[in-house]
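Trainee: Take a look at the letters that make up each chain.
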Amino acid sequence: MLDPDFVELSRWQFALTALYHFIFVPLTLGLTWILVIMESVYVMTGKQVYKDMVKFWGKLFGINFALGVTTGLTMEFEFGTNWAYYSHYVGDVFGAPLAIEGLMAFFLESTFVGMFFLGWERLSRRQHLIVTFLTALGTNLSALWILVANGWMQNPVGAEFNLETMRMEMTSFAELFFNPVAQVKFIHTVSAGYVAGSMFVAGISAYYLLKRRDLGFARRSMAVALGFGLASVCSVIVLGDESGYEAGEVQKMKLASIEAEWNTEEPPAAFTLVGIPDRDAMETHGAVKIPYVLGLIAKRAIDEEVPGIKDLMKENEARIRSGMVAYRAMTAIRGGRGTEQDRALFDMYKKDLGYALLLKRYTDKVVDASDEQIRMAAKDTVPDVGPLFWTFRAMVASGFAMLFLFVVGFVMMARRRIEKHRWLLRGFLYGIPLPWIAIETGWFVAEYGRQPWAIGEVLPTFLATSSLTKTDLIISISGFVAFYTVLAIIEFYLMFKFARLGPSALHSGRYHFEKAAGGAPTLADAPAAARKD
Amino acid sequence: MIFDYETLKFIWWLLVGVLLAGFAIMDGMDMGVGALLPFLGKNDAERRVIINTVGPHWDGNQVWFITAGGAIFAAWPAVYAASFSGFYFAMLLVLFALFLRPVGFDYRSKLDDPRWRNTWDWGLLVGSAVPALVFGVAFGNLLQGVPFHYDDIMRPWYTGGFFGLLNPFALLTGVVSLSMIVLHGATFLQLRTEPVIADRARQAAGLAALVFIAAFALAGIWLAFGIDGYEIVSDRPHGALPVPVGKEVVVAAGAWLENYSRHPVTLLAPLTAFGGAALALLFSRAGRPGWAFFSSALVQIGTIFTAGVSMFPFIMPSSTHPGHSLTMWDATSSHLTLNVMFIAAVIFVPIIIAYTSWNFWKMWRVVTVKEIEEQTHLAY
Numbered sequence: 001m002l003d004p005d006f007v008e009l010s011r012w013q014f015a016l017t018a019l020y021h022f023i024f025v026p027l028t029l030g031l032t033w034i035l036v037i038m039e040s041v042y043v044m045t046g047k048q049v050y051k052d053m054v055k056f057w058g059k060l061f062g063i064n065f066a067l068g069v070t071t072g073l074t075m076e077f078e079f080g081t082n083w084a085y086y087s088h089y090v091g092d093v094f095g096a097p098l099a100i101e102g103l104m105a106f107f108l109e110s111t112f113v114g115m116f117f118l119g120w121e122r123l124s125r126r127q128h129l130i131v132t133f134l135t136a137l138g139t140n141l142s143a144l145w146i147l148v149a150n151g152w153m154q155n156p157v158g159a160e161f162n163l164e165t166m167r168m169e170m171t172s173f174a175e176l177f178f179n180p181v182a183q184v185k186f187i188h189t190v191s192a193g194y195v196a197g198s199m200f201v202a203g204i205s206a207y208y209l210l211k212r213r214d215l216g217f218a219r220r221s222m223a224v225a226l227g228f229g230l231a232s233v234c235s236v237i238v239l240g241d242e243s244g245y246e247a248g249e250v251q252k253m254k255l256a257s258i259e260a261e262w263n264t265e266e267p268p269a270a271f272t273l274v275g276i277p278d279r280d281a282m283e284t285h286g287a288v289k290i291p292y293v294l295g296l297i298a299k300r301a302i303d304e305e306v307p308g309i310k311d312l313m314k315e316n317e318a319r320i321r322s323g324m325v326a327y328r329a330m331t332a333i334r335g336g337r338g339t340e341q342d343r344a345l346f347d348m349y350k351k352d353l354g355y356a357l358l359l360k361r362y363t364d365k366v367v368d369a370s371d372e373q374i375r376m377a378a379k380d381t382v383p384d385v386g387p388l389f390w391t392f393r394a395m396v397a398s399g400f401a402m403l404f405l406f407v408v409g410f411v412m413m414a415r416r417r418i419e420k421h422r423w424l425l426r427g428f429l430y431g432i433p434l435p436w437i438a439i440e441t442g443w444f445v446a447e448y449g450r451q452p453w454a455i456g457e458v459l460p461t462f463l464a465t466s467s468l469t470k471t472d473l474i475i476s477i478s479g480f481v482a483f484y485t486v487l488a489i490i491e492f493y494l495m496f497k498f499a500r501l502g503p504s505a506l507h508s509g510r511y512h513f514e515k516a517a518g519g520a521p522t523l524a525d526a527p528a529a530a531r532k533d
Numbered sequence: 001m002i003f004d005y006e007t008l009k010f011i012w013w014l015l016v017g018v019l020l021a022g023f024a025i026m027d028g029m030d031m032g033v034g035a036l037l038p039f040l041g042k043n044d045a046e047r048r049v050i051i052n053t054v055g056p057h058w059d060g061n062q063v064w065f066i067t068a069g070g071a072i073f074a075a076w077p078a079v080y081a082a083s084f085s086g087f088y089f090a091m092l093l094v095l096f097a098l099f100l101r102p103v104g105f106d107y108r109s110k111l112d113d114p115r116w117r118n119t120w121d122w123g124l125l126v127g128s129a130v131p132a133l134v135f136g137v138a139f140g141n142l143l144q145g146v147p148f149h150y151d152d153i154m155r156p157w158y159t160g161g162f163f164g165l166l167n168p169f170a171l172l173t174g175v176v177s178l179s180m181i182v183l184h185g186a187t188f189l190q191l192r193t194e195p196v197i198a199d200r201a202r203q204a205a206g207l208a209a210l211v212f213i214a215a216f217a218l219a220g221i222w223l224a225f226g227i228d229g230y231e232i233v234s235d236r237p238h239g240a241l242p243v244p245v246g247k248e249v250v251v252a253a254g255a256w257l258e259n260y261s262r263h264p265v266t267l268l269a270p271l272t273a274f275g276g277a278a279l280a281l282l283f284s285r286a287g288r289p290g291w292a293f294f295s296s297a298l299v300q301i302g303t304i305f306t307a308g309v310s311m312f313p314f315i316m317p318s319s320t321h322p323g324h325s326l327t328m329w330d331a332t333s334s335h336l337t338l339n340v341m342f343i344a345a346v347i348f349v350p351i352i353i354a355y356t357s358w359n360f361w362k363m364w365r366v367v368t369v370k371e372i373e374e375q376t377h378l379a380y
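Chains as they are written, first to last, in the numbering used here: chain G, 1 to 533; chain U, 1 to 380.
Please note: incorrect hints may appear among the correct ones.
Computed list of lysine-lysine pairs in BS3-like fashion (alpha-carbon distance at most 27 Å, straight line) [what the hints assert, rightly or not]:
#1 Lys350/G x Lys310/G
#2 Lys497/G x Lys110/U
#3 Lys211/G x Lys110/U
#4 Lys51/G x Lys370/U
#5 Lys365/G x Lys470/G
To be clear, the hints were calculated from the coordinates, so they are not data collected in a lab.
Pulled out of the complex, with its shape left as it was, chain G reads as follows (with noise of 0.2 Å):
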């Protein structure tokens, strides 16, 4: 068995690189359009201040793009590293679409995106712009794959467990492509990559419109950004129901710890609004609910049952019993003892292999296992309530603000008033965090919510890592967050200067730190100025 202290500290490492990668990732998906449409703008018009704007934001995409291809290469190798028998049992199906990625978008994105940077002289207006597009397409499409991928860990489909080579194996390319809940998973994260590319554009404009410089360009900076964040937050809340739809479907016992139902109600299923979930007592304290909402987003019908977690876990007590079955079945046969009838009894219970397997967190011999192991492991199928329940409130409540300033913000726009309400241009320079907030919580409710599993219903978290020891990822987390924490400064350093430089960084002459000095400024001393006023 393994030091479950060694399994924390792996999931801890997952955890921590993978937060810190989504912190890049979803900026680069929203920049890339937001490029797009000011690149075509300029080429359409044939006005500089488009392609003052491309350059601009496009030297802030560069510094975040960079991190972004660092973090990413970590996600690459951990799953090797740090999650060995996960690859081994999985990497059949899990491996295809992370490899397809490859071929299909990061060499499109990777190749593209330096000759944006460095293209600007050496290609036409039109293939400038092309490059900017198939820079856009191939993240997107990256995230596409990554997405089918994860899908599959929170809803296994089109695979098969396959008992000579002792691993899941594909069995339908097409289920393992069109799985629901990747897809609704896809529109739901580009969108809201899309938010935080227009927040990130919005809120520095407002900080130019603040003070008052720049304003042609901050002004159609602006108008970019919220036309194409509204459109991008209403998506995202409206995916993000639709992924309460298919968690509702596949993915009961997530939706149910979301909404900290310990038992099944009458139907219509209320929607707790706040409370305090008690993971021990099973119940939820000063629980303040609003009625027929939960059926709703779960069901799309006030009169079907959504069930509880109490429900759930007697459910998946029994399916550790048939499939324990299951797991004597397939010894008998590995072991070349197996009778027609063991054949016969593994066919019926495979489905609930991955539910025996749980049982290994207390004992080898799953087989023998005890009624008190049995409840325990029946137990851990829930998972941890109280921070899903808080984590998934935080995500909504940011996706909510943000869709008041994207409404307001383009309702002021469109009449010309934004300007005048300066709490508004504050609002958007302060709520820059919020999509990330709304992200890292969104990525921790997807992804703590799947525990104990690391694929739904087949292969627990614990048993999924590499064999290496407590000291090994003592050792490298230390690395981890030592390099990182140098790689944020130095990003946030580089972030923080050029955005408050604003488009006077393209030394064009033409912006508010070259001619306010009058004579002939240096780089080095407009930060200072900004920091000044």
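Starting from the structure of chain G, add chain U where the hints point.
Mentor: For chain U alone, kept in the frame of chain G given last:
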């Protein structure tokens, strides 16, 4: 399905070889350039010239590495799992070194401070040279066998340490891979820079080619007389479901050279590596950088296929449990997955080559100090 399982397994062995060769040719070019950066560029302007020769290419090139890794995950999941987790700290070393590249290229020239730029130049050196060295060390260890085995649920257990990987033979193969990549970067720089830097690159290419030839020859002799190879005595049919345990494997001196006597045509691989290095040296001296670069690309292909052919059909032999060794017959994915991935590769690799060529064609020029000065805020 287009091919039967056995054929498809062999095709994937070739394809992984092609992807690794693609990685060495493409990413090896900018890794070689990075490894030479502080030595060939004597001042900031020269270093910027060197960096900008690979500026629009390094990121796309790096995807050859990512995709080769992804393809191994998809086509040989057992190899991906056992090797990445077994070589844990070696892999992290590669990873941490690679971290320095995207930020190094992108951030270095964003600030004017000489200390900042100098630090990143050395960061680019580390980010380029360390992975090149470690990959060679990894191959050196594969050739000697790796201490790992499977338990009853097919979980891989690695029983060696990190420092054991740094044995003399593996360090020698590390020199092979580092010199081959430095050679490649040096021939590329001759093509894309003006005489001052190009002359230094020519000297570097000459030195790297000599080191490569010596190290490669020495590794070959060592392999013939000092390192035991592995040989399969009895195995399941090649087209059977891939189960990497239960075959019978013997360890025998000289077994790694068996394939060359059995199929003499495979001698082409090491001959290509030797010949390519000799030609790269001669063409560099003769001032024919195009031919030198082409020859050094042959070195990459020849070396990678030499490693592959020597070990065929083994990929990762187990020194403690030879019967658990991973081969290209029994460490693969299912027939369906190999087929899907084959189709994906057949569709996308030509497309990738097409737009990569367009990238090189549009961005092709001799990078000059004058150009960097004119575009000081645009260039890397």
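Trainee: Hint by hint, note whether the structure agrees.
Mentor: So, going through the hints one by one against the coordinates:
no. : hint                : verdict
1   : Lys350/G x Lys310/G : holds, 24 Å
2   : Lys497/G x Lys110/U : holds, 11 Å
3   : Lys211/G x Lys110/U : holds, 25 Å
4   : Lys51/G x Lys370/U  : holds, 25 Å
5   : Lys365/G x Lys470/G : holds, 24 Å
Comparing the model with each earlier hint shows no violations; every hint is respected.
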